[in-house]
Each structure stands twice: as C-alpha cells, then as structure tokens.
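With the sequences and hints as input, model every part of the structure.
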Amino acid sequence: MADNIKTSSYDALVIGAGIAGGEAALNLANNGYSVLLVEKDLSVGGKMILLSKVFPTLDCAACITTPKVSEISRHPGITIYTGSEVRRVVKKSENNFEAEVVKHPRYVIEDDCTACQLCEQACPVVVKDQYQYNLVGRKAAFIPFSIASPRVAAIDIENCTLCGACEKVCPTKCIDFTMEPEEFLVSVGTVIVATGFRLFDPLNMPRYGYGEYKNVLTSMEMERQLAPTRPFNTILRPGDGKMPDKLAYVLCTGSRDATVGNPICSQICCMYSIKQAQLLMGALPMADVTIYYINIRSFGKGFEEFYEQAKGMGVNFIKGKIGKITEKENGNLVLRYEDINENRLREAEHDMVILSVGVLPNPDAASIFQGEELKLDHLNFIGQARPLANPSETSIKGVFVAGTASGPMDIPDSILSAGSASSEAMSYLIRKG
Amino acid sequence: MEEAEKGKTSRYLRDKKGVSEEARENLKKFTRIRKSILDALKEGEMTIAQLSQKLSMPGHEVVFYLMTLVKYGQVQTGEIDDMDEYYSYKLKK
Amino acid sequence: MNKRLGVYICHCGGNISDYVDVEKVKESIEGEEGVFLAKTTMFACSDATQKEMVEDIRNNNLDGLVVASCSPKLHLLTFRAVSERALLNKYNYVHANIREQGSWAHSDDKAGATAKAIQLVRSAVAKVRLARSLDPIIIPSKKAVAVIGAGVAGMRAAIELSDMGCPVTLIEREHFVGGRTSQWDILFTTNQTGKELVTKLYNDIAGRDNITLITGAEVISNTGSIGDFVLKIRVTPRYIMDKCDENNLAKAIEVCPVVVPDNFNFTITSRKAIYHNFPSEYPHYPVIDIENCTRCGECEKVCKSVDFSQQEQIVEVNVGSVMMATGFDPYTPGEGEFGYKLSDFAVTLPQFKRITDLNEGRLVYKGKEIRNIAYIYCVGSRQSEGDNNYCSRYCCTSAIHASLEAKRKFSNISNFHFTRGVRTYGKQELLYAESLRMGDIYFQAYEENPPSVDVNNGEISVSINDIMTGGREITVEPDLLVLVTGMVPRSDNSVASIFKLPKGRDRFFNEIHMKLRPVETVIDGITICGACQGPKNITESVNSALSAAAKSFSFVNKGQLALEPIIAEVDKETCNWCGKCQEACPFDAVKMVKEGEKEVAVINNSVCKGCGMCLPVCPVNAIDLIAFSDNEIENMIDALSSNI
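Residue numbers (my numbering), protein chains in the order written: chain A, 1 to 433; chain B, 1 to 93; chain C, 1 to 644.
Check before you lean on any hint, since a few could be wrong.
[Said to hold, decoys possible] The calculated lysine-lysine pairs, modelled on DSBU-like cross-linking and capped at a C-alpha distance of 35 Å, are: (1) B:Lys35 <-> A:Lys168; (2) B:Lys6 <-> A:Lys40; (3) A:Lys173 <-> B:Lys92; (4) C:Lys143 <-> A:Lys91; (5) C:Lys110 <-> A:Lys246; (6) B:Lys35 <-> A:Lys173; (7) B:Lys29 <-> A:Lys40; (8) A:Lys168 <-> B:Lys6; (9) A:Lys321 <-> B:Lys28; (10) A:Lys173 <-> B:Lys93; (11) A:Lys103 <-> B:Lys42; (12) A:Lys168 <-> B:Lys90; (13) A:Lys173 <-> B:Lys17; (14) A:Lys432 <-> C:Lys407; (15) A:Lys375 <-> C:Lys24; (16) C:Lys143 <-> A:Lys311; (17) B:Lys35 <-> A:Lys91; (18) A:Lys6 <-> B:Lys93; (19) A:Lys324 <-> B:Lys54; (20) B:Lys93 <-> C:Lys24; (21) A:Lys173 <-> B:Lys16; (22) B:Lys42 <-> A:Lys214; (23) B:Lys28 <-> A:Lys40; (24) A:Lys214 <-> B:Lys29; (25) A:Lys328 <-> B:Lys28; (26) B:Lys54 <-> A:Lys40; (27) B:Lys92 <-> A:Lys92; (28) C:Lys73 <-> A:Lys40; (29) B:Lys92 <-> C:Lys24; (30) B:Lys6 <-> A:Lys173.
Don't read these hints as lab results, they were simulated from the structure.
Take a look at the structure:
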C-alpha cells in the first residue's frame with residue numbers, strides 16, 4: 001500500500017472550500033504561502049455558490065462567488081482537491097502537521113474533460129439532483145451545476161448502471177471507470193478548519209409536515225427556485241406545479257428550540273427569509289408573502305434598513321410561532337398559530353410554506369484530528385480557545401477555525417472570520433510556533 | 001491489474017463490482033415513467049394536474065420527472081392558464 | 001491601425017437577459033468596425049467562460065476585449081486578469097455595464113433596455129478601438145503600518161502585524177490604552193474582565209521592539225498615499241516624568257484641588273486634574289489634564305515626577321499602510337429622552353456597567369440602594385425619527401449580560417426588560433435563556449408605541465403596552481432606569497477627514513464591498529476595522545482587525561506596489577503654467593517645474609489618482625487623462641448618440 005501513497009508538502013492545509021475556506025486559502029496564497037485546499041464536494045464554493053442573491057445588498061451570489069472561485073482555482077499557490085477527504089491529521093511538532101488525504105475517483109479525467117455534456121445527454125439514468133435540493137433530476141454522468149468549479153463531469157457511481165453510453169460519446173475519451181481512490185500523505189505547517197455547517201432537517205419536526213406535504217419546502221429549496229440556475233425556471237409548487245400566490249415563511253424552524261436539541265439562534269434565517277420575500281415579490285408580483293416570526297433579528301450593517309424595505313414593499317410580518325401545519329385536499333396548507341400582537345389563536349391558509357431552517361454544527365472535522373484533540377464546544381461547533389482576542393484559535397496550537405465551523409455566521413462575518421484565521425495562520429508560520 | 005481499453009472501461013468495472021439492484025430498478029422506473037409522460041404529451045399539451053390524473057401518478061412525482069425532461073430538452077413549457085396558476089407542457093420538436 | 005476585437009455579452013443568469021435581449025445585442029454589435037467575434041454567455045465571470053475568452057484572444061490574436069455585464073465595480077479586476085492571462089495588455093479591455101445601467105434600471109421596458117444596452121456596448125467598442133497598452137506605475141512601499149486607535153481592535157492588529165515581522169506605530173488619542181474594552185467588567189462568554197484583557201494585550205505590546213506605542217497622540221496631517229504615507233502626529237505631554245515614584249504620585253492625586261467629571265466612568269464619578277483611569281491603568285503612570293489644571297503647584301510639592309516643562313511634540317511617521325481602528329461612541333440620549341437628565345436615576349447602559357463595576361456587596365448609587373432595575377432597549381438605535389435607523393447589534397446581549405452580572409454580584413436585584421424584540425443572535429441566545437431562567441421579566445413594546453417614562457418628585461415610572469400579555473398596560477417603578485444605548489460613530493472624527501475617508505448612510509466608515517473587500521476603503525492603502533466600520537462586539541472587532549492586519553500587510557510586505565497608470569498627463573508644449581490645476585487637485589499631485597525658461601505643470605505619478613479634477617480647469621486644454629482622453633470620450637459619446 002505504501003507504494004502508491006503520494007507524498008507532498010505545503011505551508012497550509014485548508015479543510016473545506018466554501019466561502020470561508022476559499023477566502024482563507026486566497027489570503028494565504030496572496031501572501032506567498034502554498035496551500036492545499038481539500039473539498040469533499042465535487043465543486044468549490046460551498047453553500048454560497050448555490051444561493052440566489054445575498055442580503056442586504058442583493059448582489060447575486062454567483063456574481064460574488066464565481067470570481068472568487070475562479071481566482072482560487074487558477075492561483076498558482078493553491079492546489080485544490082475536490083471530491084476528496086482529509087482522513088487524519090496528526091500534529092508532530094510545531095509547524096509540522098501530517099495529513100492523510102484521499103481523493104475519491106471521479107471516473108473522469110479532469111484535465112481532458114471539456115464540459116461538452118455529451119455524456120450527460122447520453123446517460124439513461126435519472127436520480128435526484130442534490131445541487132437542486134432534489135427538486136429535479138440529474139443524470140448519473142453529470143456536471144454538478146453550470147457554475148461549478150472545476151466545470152468537469154463526474155460519474156455518480158452508486159447510481160450508474162455501467163452501461164457505457166457515456167464512454168461511447170465522450171469525444172476526448174476522458175471517462176475512465178478504472179480509476180481508484182488516490183491517497184496522499186501531506187506535511188503542512190498549519191491547518192485551517194473551514195468545514196461549514198449543516199442545515200436543520202425539518203423531518204425532525206413532524207408537526208410541520210415536511211416530506212409529507214409536498215408544498216412545504218425548506219428555505220434552501222426556495223433558494224434554488226430563486227437562483228439564476230433554478231430548476232423550474234419559475235416558482236412552482238413541487239406538489240402540483242401551481243404558481244403559488246400566498247406564501248408563508250416559518251422562522252426559527254429548528255432554531256431557538258431546545259425540544260429539537262438546538263437552543264441557539266441561527267443568526268441568518270431572519271435575513272435570508274426577508275431577502276427571499278423581497279425576491280418573491282419581484283418574481284411573483286401578485287403574490288402575498290407573510291413571515292411568521294418570534295423576533296426579527298436584523299442586527300448587521302444595513303440589515304434593519306433591509307427589514308424596513310421589505311415592510312415597505314408589502315411583505316407581511318406576523319409575530320407568532322407556528323404550532324401545526326395541516327394540508328388541505330387542494331394542496332394548500334393551514335397554519336395554526338398564536339398571533340402574539342392580537343393575543344389569540346388563529347389559522348391562516350397559504351398555498352406554499354417555506355420553513356426557514358436553522359444552522360447546525362458539522363462536527364465531522366473533530367474526529368480526523370488524532371493525538372492532540374480538536375475540542376468542540378458544548379453545542380458541537382469547533383471550540384474557540386480564546387474567543388475574545390484570538391477568535392480563530394482552537395484547542396490545538398497551529399490549527400485555526402474559519403467561518404461557520406465555529407458557530408452560526410452570515411457571509412460577511414464568515415469572510416472576516418476567514419481573514420482572521422488566515423492572519424493567525426500566517427503569523428504562526430512566521431513566528432515558527 | 002488487467003489493462004482496460006480507453007473508452008471501454010465500463011465493462012471493466014461491471015465485471016469487477018457489478019451493478020446494484022437498486023440502480024437497475026431506478027433506471028427501469030425512470031425509463032417507464034419517461035415513456036408514459038412522453039406518450040401522454042403526444043396527444044397534446046397538458047398541465048401537471050392533467051398528467052397526474054391521466055397517469056394516476058402523484059402530482060409531486062409528475063413535477064419531478066416532467067421538470068427533468070424539460071431540463072434535458074425533451075419537453076418544453078407552454079402557456080400558463082387564464083388564472084395564472086398552471087402551465088401546460090408539450091413535447092419539444 | 002484596425003483592432004481585432006472580441007465582445008462578450010453576459011446573461012448574468014437572467015439578471016440581464018430577463019430584460020435585455022442579449023442575442024439582439026450580439027447581432028447588432030457583430031457588424032461594428034473591428035469586431036472580430038461577438039458571443040453571449042450565461043456567466044461571463046464563470047471559470048469556463050474566462051477560459052474560453054483566454055483561448056479566443058490567443059487563437060484569434062485579438063487585441064481588444066469588451067465585456068458587457070454587471071458593474072465594473074464587481075468585475076473589472078476579473079476581466080483584467082483574463083486579459084493578462086491571454087497576454088493582452090489589460091488596458092485593452094473595456095467594460096460595458098448593461099446590468100446596473102441597463103436591465104436593472106429599465107426592467108419595465110425590455111425594448112428600451114435592449115436598445116440602451118446596444119448603445120452602451122457600441123460606446124465601449126468605440127473606446128477600446130482607441131485604447132493603448134499601459135504599464136503599471138511601480139512605487140516602493142514602506143514596510144510599516146500605522147494603526148490609529150489602541151482599543152482592543154487596534155492593539156490586537158498591532159500584535160498580529162508585529163508577529164508577521166512588520167513594524168507598527170500604534171497611535172492612541174487618549175493617554176491610556178484599551179479604549180472601550182478597558183471600561184467593561186466581566187466580558188460575555190468568559191470570566192475575564194475588560195481590564196484583564198487590555199492588560200494582557202498591553203504587556204504583549206510592551207515586550208515587542210517593532211511596535212511603537214504613542215499615547216496622547218493625534219494625527220494632524222497626512223501627505224502621501226499608499227506605500228508612502230507621511231503622518232504628522234501631535235503628541236501631548238503627560239506632564240509626568242518616566243519612571244515616576246508611584247507613592248508620591250498617589251499623594252499628588254490626593255492634594256490636587258481640581259475636581260472634574262470622570263469620563264472613564266461616563267461622568268458618574270469625578271476625578272482630579274492629575275489622574276489615572278483606574279489603579280492598574282496602562283501606561284502605568286498618571287497624566288495631568290492640562291485643560292482643567294489650575295497650575296496651583298500643589299502636586300509638584302509632594303511629587304518630584306511632575307514636570308510642567310514638558311512640551312507638545314510633533315512626530316512624523318512614514319508608513320506604507322494605515323489602519324483605522326478608532327472605535328465608537330455610546331449614544332447619548334437627548335434631554336428628556338426616556339427620562340434622561342430628568343432624574344439622576346436614569347442612566348445609560350455604559351454608566352450602569354461602571355456603577356456595577358464600582359460597587360461591592362450592595363448596589364448603591366447616589367446614596368440609594370438599588371433593587372429594582374428597568375432597562376429600556378434600542379435607545380438611539382432603530383429610530384424611526386432620528387438619524388440612527390440601524391440596529392446597534394451588541395446592546396441586547398450587553399444589557400442582558402450586565403443585568404445578569406448585577407444579579408449575581410448583588411442580592412435582591414429584580415430586572416425588568418422593556419424590549420423591542422430581543423436580538424441575542426447566535427450562541428448569545430443562551431444568555432437570554434439563562435436570564436429568563438433567573439427570573440428576569442421581559443416586556444415588548446408595539447412598534448408604534450414605545451415605552452413611556454414619567455418622573456414625578458424624583459420617582460421614575462416606566463409604562464408599556466406589552467405585546468407578550470396581549471397589550472396590557474404595565475407600569476414598573478424602578479430604583480434605577482437603564483437606557484440601553486447603542487453605538488454611534490465617534491463624535492470627533494477629524495482623523496477621517498484627514499484621509500478623506502467616505503462614510504455610509506449610517507455615518508460609520510464605509511468598506512468597499514461588504515463581502516468582496518470588507519476591510520478596504522476607497523482610499524488605497526487605508527484599511528478599517530472594529531466598531532468604526534459599524535457596531536460590533538469584541539470577537540467581531542478582533543476578527544475584522546486581524547483581517548485588516550492581513551490586508552495592510554499585503555500592501556507593504558513586498559516592499560513595492562503596482563499602481564494604476566490611469567492618471568493625468570500634461571502636454572508640456574501647450575502648458576503655460578497658470579496654477580489652476582494645482583488649486584483643483586485634491587491630492588497635491590501637481591507641482592510647478594521650470595523647464596529651461598518655461599514653467600510647466602508636472603504630475604506626481606504615485607500621488608495622482610486620476611480623478612480628472614484638473615482637466616476642465618485648464619484654460620489651454622493641456623491636460624488629458626490617460627485611458628479617458630478627450631478623444632476617447634468624444635468617440636464614446638458619438639457611439640452612444642448614433643442610431644438613436
């Protein structure tokens with residue numbers, strides 16, 4: 001086995017190529033450091049690259065992400081492994097970490113693929129497209145999404161029937177089913193953990209009927225419906241293809257709720273819901289949009305003004321927590337709630353309901369550190385050893401945390417946190433310990 | 001390791017690990033549904049509700065498969081009804 | 001000299017193509033003189049399209065590039081990089097903004113938006129035909145950074161820069177370091193006090209050779225720009241000698257007859273004219289407040305370290321980058337605003353924090369034992385009338401934290417919170433939950449009906465129509481009323497005008513782009529961090545400080561910088577020095593030089609920003625702006641106005 005393990009060394013290892021990891025890698029590379037950026041997904045860009053527009057400026061997410069992603073991809077100081085995992089990191093001494101990285105086979109030779117999509121056309125298999133949050137199908141031979149980086153096909157080997165149709169049509173013969181996982185042993189001087197967050201799964205809250213009622217969506221599914229690369233090319237109810245005209249947002253789904261194990265506020269849901277409401281008012285000019293909230297938390301720069309703007313556009317805000325959702329025969333949904341302002345129980349009918357799902361920790365990263373322990377906080381986010389003066393320090397000296405791996409954050413805060421982590425990583429490298 | 005010929009490597013992996021029953025079933029199901037939707041649309045434009053009734057298939061499944069066929073260019077979106085509620089869909093020429 | 005041009009028209013994934021018929025734009029432009037190829041693309045900025053452009057330019061020997069997409073603010077640099085990768089001089093690329101100036105502005109008129117987009121692209125084509133290759137101006141960059149403000153953000157940034165091997169001048173207007181943080185007791189999420197945190201940072205700074213800390217220091221002027229800022233700093237003396245005798249100084253403080261309000265304690269206490277902020281304050285030795293000192297000489301009698309002969313000094317520092325970390329002021333309520341100034345027992349949140357810090361055992365203020373405390377939130381924030389529309393972000397958490405600390409430290413405290421909806425975002429929510437568990441009472445006002453405060457014979461009563469109890473009117477008569485005041489920009493922000501720093505609608509300093517360039521300003525080489533950019537808690541301030549440190553470092557670490565060559569140029573033949581351009585220049589970039597007998601204007605390349613202010617004032621039209629010459633502009637106007 002030892003024979004086919006490739007060895008290499010870099011100044012820094014960045015785990016996770018979302019917006020935080022990418023930003024951290026760029027900062028390091030722009031100051032002359034070599035970086036290995038490892039991403040488990042098939043594209044860099046994380047969750048942000050899949051968003052529609054971003055609050056409070058309403059820049060389209062792709063417009064901000066793609067140039068960054070492009071800069072990361074072509075930076076001579078950054079090596080990117082997508083579809084790859086960091087299996088193990090061991091600290092040997094200061095400025096000396098050893099990491100085991102495995103690159104899963106994509107079954108496509110990246111350098112030879114021209115993204116012509118002939119394989120995608122030829123592939124007979126259709127499965128749920130995870131990049132469209134399962135709203136539509138994709139092939140087993142596929143390009144993850146149109147602005148993916150690298151923009152290169154991949155084979156979903158779990159669902160592939162190995163019929164060979166893709167190989168036959170590929171003009172550059174870049175599909176290769178003989179590919180095996182590649183293993184790398186990497187030595188690096190410092191590590192940045194930017195493994196991001198998970199979204200709350202509303203199946204854990206059966207009273208809202210997600211999964212059972214097809215017109216109850218998550219906010220990420222709505223985000224895809226609003227994105228330029230949207231699955232339906234308009235807004236439709238997944239249950240029956242009707243254009244909705246009375247939409248409801250249920251804030252704090254899976255946040256500020258100890259009964260589902262997440263007592264904290266997710267920090268982003270108020271704002272992304274207000275943003276989506278504004279975009280919906282543009283996409284469906286006749287539609288009513290109502291946001292049911294406990295407290296609106298528009299706390300960042302320009303956020304309160306953005307909230308006021310939504311009110312001015314006619315978005316309804318109702319203070320009240322949704323108790324239960326039931327479905328009518330026509331697919332409409334009845335929301336039962338306590339209207340706090342009016343102090344009474346009410347019901348309201350909507351034809352589409354969006355659950356503003358919260359942010360959960362992604363504790364996977366902790367388990368890859370062997371020897372010295374990478375400590376989590378009591379909420380299972382990566383623990384911050386000295387949160388005030390050194391917010392990106394972890395329990396291991398020389399390992400830094402960037403972005404939402406340490407707790408809920410919006411994009412501007414994630415970028416500042418990444419700046420902070422890369423800054424600390426640089427001075428750790430320069431100080432030599 | 002036996003050297004597989006470039007461009008014909010799927011057989012290599014098929015021999016080596018086979019294909020799961022699930023993947024085969026999934027392909028069969030899609031092929032069947034695709035045919036039924038395309039056959040139905042041969043008779044003319046239809047909304048999702050109409051397709052759902054004709055094919056006795058739940059609305060959400062029709063949305064999923066029909067939109068996939070739109071995405072891969074076999075079906076196209078037609079006009080929306082007078083109530084601005086439902087689009088109709090037709091075969092792409 | 002006919003150019004071979006490539007034109008790319010972007011859909012922007014619908015942002016443009018939903019309103020502008022991009023195919024029609026392409027067709028209209030294909031016939032234009034010099035256009036070798038025209039293409040539309042879903043996202044011009046995507047990696048794949050960038051690659052395609054590079055290949056097109058190389059394979060077809062294109063010598064001009066036009067990209068018609070979003071604002072050049074977003075992607076000018078992206079496509080300049082594309083040109084460079086294709087070995088095309090980047091000044092042979094011209095941008096047409098058909099999104100902000102096209103599709104978004106005319107979403108109600110598709111035909112009009114399309115027609116306008118065509119004209120915009122035509123004018124870009126007209127400009128690129130005349131474009132010439134330019135080289136960047138290379139200037140040396142001094143490897144040193146000035147950090148203005150020694151609060152937690154500035155101190156932390158200074159340490160980081162020092163770690164990176166970059167010399168730092170840390171400039172603090174006050175005579176003591178630590179800013180607002182030194183005024184706080186226990187800090188949220190830790191058991192550390194603000195003083196302890198500041199002390200740690202100060203000790204770290206004091207032990208470093210490459211950080212020069214100057215206190216009592218104010219920047220009074222700047223000549224120079226990125227890579228070479230020359231700051232003049234006025235340093236006011238402490239009137240106390242170094243290595244003073246602490247015992248004698250304590251006596252000096254005792255004998256000083258002058259008593260003035262103590263701003264460190266937000267005026268709830270008083271101090272002498274010779275003073276410390278607190279006993280272990282840094283720098284260790286006290287200072288004489290010369291404004292209020294009567295020169296009575298009592299202190300000199302008991303302490304040899306007092307030295308009234310010390311003079312104000314002007315210090316000059318030369319740095320490659322400047323970092324602003326000037327912090328915030330707490331909002332000061334107007335007289336009568338929620339009872340402020342109508343009762344001694346209506347205080348602001350910062351004052352309350354000092355009161356709890358200064359008391360032990362029992363909470364006593366102005367002779368009265370405090371048991372029931374009411375807190376009114378959003379004072380000076382989220383104003384519907386007034387300038388501060390924004391949320392100050394830190395105050396909900398800070399108020400709840402302070403109220404809990406008070407409950408822990410003193411017995412028999414009851415807290416009543418009059419909120420507008422609590423905003424303990426993220427993990428701070430746990431603090432709110434804890435406060436509820438500890439029995440604190442929360443009310444919430446209707447948006448249009450804020451709580452009201454009455455003061456009768458010195459007794460305060462706070463009334464609210466409470467949302468949480470169905471609009472019931474509730475009145476609390478507290479011993480102390482705390483106004484939860486937000487953050488406002490520094491009232492004395494003269495340092496900002498020295499650097500001509502732009503401010504946002506909220507009057508805090510403005511970053512270039514919240515997500516793309518969050519710590520940079522439009523003034524090259526000047527970064528911003530901490531609460532001077534907008535309300536932040538300590539962790540958030542430090543994150544931005546370290547980001548800004550990395551950014552400032554990148555301006556200076558290579559020892560040189562490449563600057564934009566888009567600057568003014570003077571035709572020496574035509575110029576017969578009149579000095580009007582020098583008067584018009586906001587950057588002092590124009591100098592008069594004698595060339596033989598003739599006096600002419602000369603532009604300083606590294607200072608000129610290419611703003612163009614000098615162009616219209618020249619009576620003989622001797623000045624042109626490179627890349628925006630009269631000829632180019634006229635051709636663009638012709639193209640814009642053709643075929644209408």
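| said: Hinted pair, alpha-carbon criterion (35 Å max): lysine 35 of chain B, lysine 91 of chain A. Please report holds or violated. | reply: violated, 57 Å
| message | Need the status of pair lysine 6 of chain B, lysine 40 of chain A: alpha-carbon distance at most 35 Å? | response | holds, 27 Å
| query | Is lysine 324 of chain A close enough to lysine 54 of chain B, meaning Cα to Cα at most 35 Å? | reply | Holds: lysine 324 of chain A and lysine 54 of chain B sit about 33 Å apart, inside 35 Å.
| Holds or violated: are the alpha carbons of lysine 110 of chain C and lysine 246 of chain A at most 35 Å from each other? | holds, 28 Å
| task | Would you mind confirming whether the straight-line C-alpha gap from lysine 103 of chain A to lysine 42 of chain B stays at or under 35 Å? | result | violated, 46 Å
| message | So if I understand the rule, the pair passes when the alpha-carbon distance is 35 Å or less; does lysine 92 of chain B with lysine 24 of chain C pass? | response | With Cα atoms ~24 Å apart, lysine 92 of chain B and lysine 24 of chain C stay inside 35 Å; holds.
| Between lysine 375 of chain A and lysine 24 of chain C, is the straight-line Cα distance small enough, at 35 Å or below? | The given pair, whose Cα atoms are some 58 Å apart, is violated under the 35 Å limit.
| query | Within 35 Å, alpha carbon to alpha carbon, are lysine 173 of chain A and lysine 93 of chain B? | reply | The hint holds at about 30 Å.
| task | Sort out whether lysine 93 of chain B lies within 35 Å of lysine 6 of chain A, counting only the CA atoms. | result | At roughly 52 Å apart (the allowed maximum being 35 Å), lysine 93 of chain B and lysine 6 of chain A break the hint.
| If you draw a straight line from the CA of lysine 42 of chain B to the CA of lysine 214 of chain A, is it 35 Å or shorter? | holds, 28 Å
| Are lysine 328 of chain A and lysine 28 of chain B close enough, with their CA atoms no more than 35 Å apart? | holds, 33 Å
| query | Between lysine 54 of chain B and lysine 40 of chain A, is the straight-line Cα distance small enough, at 35 Å or below? | reply | Violated. Lysine 54 of chain B to lysine 40 of chain A sits at ~43 Å, over the 35 Å cutoff.
Comparing the model with each numbered hint stated earlier shows that hints 9, 11, 14, 15, 16, 17, 18, 26 and 27 do not hold.
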